[in-house]
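Chains as they are written, first to last, in the working numbering: chain G, 1 to 114; chain R, 115 to 232.
Note that these hints are calculated values from the structure, not bench results.
Hints may be right or wrong, so weigh each one.
Which chain R residues face chain G? A few, computed with CB under 8 Å, are given here [to be verified]:
id, residue
1, G157
2, E158
3, F205
4, K219
5, G223
Please read these numbers as outputs of a predicted model, since none were measured by experiment.
Even glycine gets a Cβ: it sits at the ideal position worked out from N, Cα and C.
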Amino acid sequence: DAGVTQSPTHLIKTRGQHVTLRCSPISGHKSVSWYQQVLGQGPQFIFQYYEKEERGRGNFPDRFSARQFPNYSSELNVNALLLGDSALYLCASSFLRLSGGEAFFGQGTRLTVV
Amino acid sequence: AQKVTQAQTEISVVEKEDVTLDCVYETRDTTYYLFWYKQPPSGELVFLIRRNSFDEQNEISGRYSWNFQKSTSSFNFTITASQVVDSAVYFCALSTLLVKTSYDKVIFGPGTSLSVIP
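Looking at chain R on its own, in the form it has when it is part of the complex (with noise of 0.2 Å):
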């Protein structure tokens, strides 16, 4: 079975606070998809990253960086210097092989939300 596990329900922050979001998931296949979407108060998902699974590097894109780690099954998001317009709720997604299935069939998480707080 496949799951995204988001152990954190809410954060809270003070601005310019360096804040880390944690994701663990399941799955059994060898070849998948990692993703990180955030969801401001207008509802509407906005994609951050997808990393595949043969690709541990971290990356790193202005202030967000993140931490793949396929021996913990974890992958993490870290906002450096947070900013009040971070505020939204963070959900980590994990999708299958493209090959093995005939369709995008996204997992996400229950989500994080992040309150940063001027």
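If we strip away everything but chain G, and leave its shape as in the complex, we get (with noise of 0.2 Å):
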């Protein structure tokens, strides 16, 4: 079965663009969560979306938005990037809406901001 995968692996991106980032959950799994890795840090939540909607949110700033589509890949985007925003972006995906923080993570998407 296929883990959690996400797209692109790698993305280099100039201040001020907009950028796409995508995730595939496992199959089945109707909750998708997105994290912020700053380079030697823990992950930070983003957003969670459970059923195609937003069921919660961390503390990021309005630039950060995201959605989930009827078969339960979602996107992240980001707007007007930032340097700041550089950082590791790991989707986790799980079969609840909440499940205890229980959830498979994907290889993450690399993005650098130059």
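Assemble the dimeric complex from its two separately framed chains, guided by the hints.
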């Protein structure tokens, strides 16, 4: 069975540009969460989506947005990129809306903003 | 406020040594979950264990063991007879009681980088 897949794996963008990151959850999983992991730190929660609705949002500016599609895949969008947005963006999927944090993670998208 | 502290930034051990990774957490909730995740160089977070706040039994899984002590708000992780493949960053994480939250928000510690030297 395929695990959580994220695309692209690496990305280089210029300040002020827009970026879209994609995530396909494990088949049958309805919940997708996004995390930002800055180098040397632990992942920080950005969003959770369940059944195509935003269920939770972390302390991130409005430049960050996301959506979930009918097939439960998800996109994370970041507008007006800043150098500080450079990070590993992780997607996690779980079957239930509330899984107590037990989730399966993808390998992430490494975003570099120059 | 909820917080997870992993005081050890980096640890190096020689293969076959035992190593303990410390985790201290803060929460006002009486019911919560604690986790350990492993992050190898590939970047993917690998789930290792979940404990709920009412279950303080220590757990052993092969060379891995976990010691949960509510009295000291600690959830330490021990690797026995370490191997080179154990080299990774290990994260301790905290999740609040499910029924009080409408979503999963997991708070991760800063991580401990473990290097096992052959």
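For the hint on R:G157, just tell me whether its beta-carbon gets within less than 8 Å of chain G. At 5 Å from the nearest chain G Cβ, R:G157 passes the 8 Å test, so the hint holds.
Interface hint check: R:G223, Cβ to nearest Cβ on chain G, cutoff 8 Å. Holds or violated? With a minimum Cβ separation of about 5 Å from chain G (threshold 8 Å), the hint on R:G223 holds.
Minimum Cβ distance from R:K219 to chain G below 8 Å? holds (5 Å)
R:F205 as an interface hint toward chain G, with CB separation required under 8 Å: holds (5 Å)
A closest beta-carbon separation below 8 Å is what the hint needs, so does R:E158 meet it against chain G? holds (4 Å)
Checked against the numbered hints given earlier, this structure breaks none of them.
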